[in-house]
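Go ahead and model the full structure; you've got the sequences and the hints to work with.
Protein sequences, first through last, are from chains A and B.
Count along the first sequence starting at 1, add 42, and that's the number in my numbering.
Count along the second sequence starting at 1, add 1443, and that's the number in my numbering.
To be clear, the hints were calculated from the coordinates, so they are not data collected in a lab.
Just so you know, these numbers come straight off a predicted model, no measurement behind them.
Honestly, I wouldn't trust all of these hints.
[What the hints assert, rightly or not] With beta-carbon atoms standing in for the labels, derived distance ranges: (1) B:E1584 <-> A:K52: 52 to 62 Å; (2) B:G1622 <-> A:F122: 30 to 40 Å; (3) B:D1499 <-> A:T79: 36 to 46 Å; (4) A:D91 <-> B:K1601: 33 to 43 Å; (5) A:T79 <-> B:G1622: 14 to 24 Å; (6) A:E235 <-> B:E1584: 48 to 58 Å; (7) A:D91 <-> B:E1584: 28 to 38 Å; (8) A:R167 <-> B:N1528: 26 to 36 Å; (9) A:E75 <-> B:S1507: 32 to 42 Å; (10) B:D1493 <-> A:R97: 24 to 34 Å.
[To be verified] Where chain A lies over chain B, by a calculated footprint (3+ residues, C-beta under 8 Å): (11) 1534 to 1547; (12) 1560 to 1567; (13) 1576 to 1590.
[Claimed, not checked] Simulated crosslink set (SDA-like; lysine to any residue; CA at most 25 Å straight-line): (14) B:K1491 <-> A:I198; (15) B:K1491 <-> A:R152; (16) B:K1646 <-> A:Q129; (17) A:K224 <-> A:A239; (18) B:K1491 <-> A:S186; (19) B:K1491 <-> A:H190; (20) A:K52 <-> A:N211; (21) B:K1601 <-> A:A125; (22) B:K1491 <-> B:I1509; (23) A:K52 <-> B:E1527; (24) B:K1601 <-> A:L132.
Virtual Cβ for every residue (Gly too), placed ideally from N, Cα, C.
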Amino acid sequence: MARPATASTKNAPGVGETGGDAVARYVRRLVFEGTLTDGQRLPQDDIADAIGVSRIPVREAIIVLEREGWVHVVPHRGAFVNALDEQAVLDRFALYGRFYGFAARRAIERMTTHDLTTLNVHADRIDNAANPSVFERANAHYLSALVHLAGSNRLIAVLRSTAQIVPGNFFAIVPNTMTIQKAGIAELQVALESGEATEATRIFAAVEHRHALEVIALLNERRRSA
Amino acid sequence: MKPKEPSTADRSTRPSSTGVRRRLTRASSADQVAAHIRRLIVSGELTKGDRLRQEDIADELGVSRIPVREAIIALDSEGWVTFENNRGAYVAGLEVDDIRDHFELRGLVFGLIARRVVETATDEDIATFDDVFHTMMAATELDVFTEMNDRFIGRLIKVANSPRLTAALMVTPAILPTGFFEYVPAGRQIQEHGYREFVEALKARSAEQADSALVATLLRQGDAVVEAFASTGLVAGA
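Written out as structure tokens, the structure is:
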């Protein structure tokens, strides 16, 4: 691969970000954009130069990226990029669907009518959001309220490591996903109100699967035009 | 307690045929430090809010600071520890509900792995699962049983061939990587029952049943672990 861009303020660690965070953010983008591809060895020195850090934060970022599924480490040989192919996208969204299904089941077991009302307020904001940035915020609030209601520290940890495949605002970048999510959350609210855990689990799996198909279509589109 | 350094001798004298075992013996010292700390958390020797001092751990295990720092970053990304550069690392705590949740979440990942296995397994793969399962059932020694279990899991991961799902297992790791069936005797029957259902589903090429077999198995294991901890106290000395 060509050397990644030289250190620039765009790549440098942002406020509250460690060197490792900046490296991880940079590598995710390179993989998503197709600059780093399947099986390629991570050029750790080049990456360190591009961010303007030493090798140590690069090694630390690799630990996190491996747990997120972006790379795998071969002892004594380095870190290698995992393919961002159809299967990877399907698997990643299937995981997301299951983890959020878990959140919904737990939330149903624990939530009060007051909690449900709060969720409804968030759901209305999602429904009314007209542009992707307002929508993204409303959606994030809704999901974080749901995860909070589930009351599971292990779930939070697992979700944190289930990487965003698309860097930036998912709903702005991937066509049709806002419509899919709106319809899904509306359906989900009905299931939550009637306490139907199985139905809530099914809805999350279906919504995430639809998102996966849109991401795959986008990646294929990009590869064709590249 | 000193973790075994992954020496060359270690690798050559233990050329186990399971992918899992190979990975364990080749584990980096950071992985071994992480496994050590995870075990102290699971056994209750480290509890919520305890501070992890890198230099103390390095001294105790006879390793340098670098693998300790890397282990703490791994544990932070897995949620066992919270780590902020300027404030140090603290144990996030593990309660009974966390153990149940952990196994349930791990089960959800294994369920997806089961689906991929049903989609991609060749007849030869199916025969291998069947063989390993029967060797496991016939095992009189716990060591053999454990080795076959590792091999079964290694095959699941290999045949599923999904880096994303494998990564998700790293975030929901085996919390009793060695001696599981020693500490959780009821686990053996649960595992046998689950694998029997899985192999039957695989032969019938039913992704749905293979999925629910493994989801249910891990749920039961979670309950068994909680029960074992409740009756024996925590896994002190594990």
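Structure-based check of all given hints:
1. B:E1584 <-> A:K52: 52 to 62 Å: Since B:E1584 and A:K52 have Cβ atoms about 59 Å apart, the given range 52 to 62 Å holds.
2. B:G1622 <-> A:F122: 30 to 40 Å: 32 Å, holds
3. B:D1499 <-> A:T79: 36 to 46 Å: Given range 36 to 46 Å: holds, Cβ gap about 43 Å.
4. A:D91 <-> B:K1601: 33 to 43 Å: 36 Å, holds
5. A:T79 <-> B:G1622: 14 to 24 Å: Given about 41 Å between the Cβ atoms, the range is violated.
6. A:E235 <-> B:E1584: 48 to 58 Å: The hinted range 48 to 58 Å holds for A:E235 and B:E1584, with Cβ atoms some 54 Å apart.
7. A:D91 <-> B:E1584: 28 to 38 Å: 54 Å, violated
8. A:R167 <-> B:N1528: 26 to 36 Å: Distance hint for A:R167, B:N1528 holds at roughly 35 Å.
9. A:E75 <-> B:S1507: 32 to 42 Å: About 36 Å separates the Cβ atoms of A:E75 and B:S1507, which means 32 to 42 Å holds.
10. B:D1493 <-> A:R97: 24 to 34 Å: 30 Å, holds
11. 1534 to 1547: holds (count 7)
12. 1560 to 1567: violated (count 0)
13. 1576 to 1590: With 0 residues closer than 8 Å to chain A, the region 1576 to 1590 of chain B misses the three-residue bar; violated.
14. B:K1491 <-> A:I198: Holds: B:K1491 and A:I198 sit about 16 Å apart, inside 25 Å.
15. B:K1491 <-> A:R152: Holds - the C-alpha atoms of A:R152 and B:K1491 are around 23 Å apart, at most 25 Å.
16. B:K1646 <-> A:Q129: Holds: B:K1646 and A:Q129 sit about 23 Å apart, inside 25 Å.
17. A:K224 <-> A:A239: 19 Å, holds
18. B:K1491 <-> A:S186: 23 Å, holds
19. B:K1491 <-> A:H190: Since the Cα atoms of B:K1491 and A:H190 sit roughly 19 Å apart, the hinted pair holds (cutoff 25 Å).
20. A:K52 <-> A:N211: Cα-Cα ~17 Å, so holds.
21. B:K1601 <-> A:A125: Roughly 16 Å between the alpha carbons, so the hint for B:K1601 and A:A125 holds.
22. B:K1491 <-> B:I1509: 24 Å, holds
23. A:K52 <-> B:E1527: The given pair, whose Cα atoms are some 23 Å apart, holds under the 25 Å limit.
24. B:K1601 <-> A:L132: Between B:K1601 and A:L132 the Cα gap is close to 18 Å, so the pair holds against 25 Å.
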